[in-house]
Amino acid sequence: MSYECDYYFYHAEARWQLSRIPDPMDPDPTRYALLASFAEALVSAFNWRLMLGLQRDGTQIEGQDPIKVPLETAPQWASKVRPLAEKLDLRPHDEDSSDPIFLKRNILASTGYLFCV
1 MSYECDYYFY HAEARWQLSR IPDPMDPDPT RYALLASFAE ALVSAFNWRL
51 MLGLQRDGTQ IEGQDPIKVP LETAPQWASK VRPLAEKLDL RPHDEDSSDP
101 IFLKRNILAS TGYLFCV
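For the sequence shown, counting from 1, position 28 maps to 28 in UniProt numbering; every step adds exactly one.
Take the hints with a grain of salt, since some may be wrong.
Unchecked claim - With a straight-line Cα cutoff of 20 angstroms, these simulated SDA-like cross-link-like pairs (lysine to any residue) come out:
hint: 1; residue 1: Lys104; residue 2: Ala85
hint: 2; residue 1: Lys87; residue 2: Leu35
hint: 3; residue 1: Lys80; residue 2: Pro100
hint: 4; residue 1: Lys68; residue 2: Lys87
hint: 5; residue 1: Lys80; residue 2: Pro29
No lab work stands behind these hints: they were computed from the structure.
Please construct the entire structure, taking both the sequences and the accompanying hints into account.
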């Protein structure tokens, strides 16, 4: 997923804004919860990069306040996706941590692979 995250991050065109990810309206509640969680996790990862001074056009802000850069926002549909009825554990057997974005939908998953530069 880190390569896909990089690929998506470096598309600075407006149509690639995370807030524009269309609602998949997936009838499968597990898949829908996963898609919503991934969309929100990408927002967290992209904003982390932006706060480091990395820009979606491939440039880097140095010596300036990266907080003034417009941050990404999640698509509106993602906030309406309900948690799963039963816990879903997607972590490798040696992983103990879980991302809070996934946890709010009753999914145990780590997202460290999204936070690489």
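To see whether the hints hold, each was checked on the structure:
1. Lys104 / Ala85: Cα-Cα ~12 angstroms, so holds.
2. Lys87 / Leu35: holds (16 angstroms)
3. Lys80 / Pro100: holds (16 angstroms)
4. Lys68 / Lys87: Answer violated: Lys68 to Lys87 is near 38 angstroms, above 20 angstroms.
5. Lys80 / Pro29: holds (12 angstroms)
Figure legend: structure checked against the earlier numbered hints; the only hint not met is number 4.
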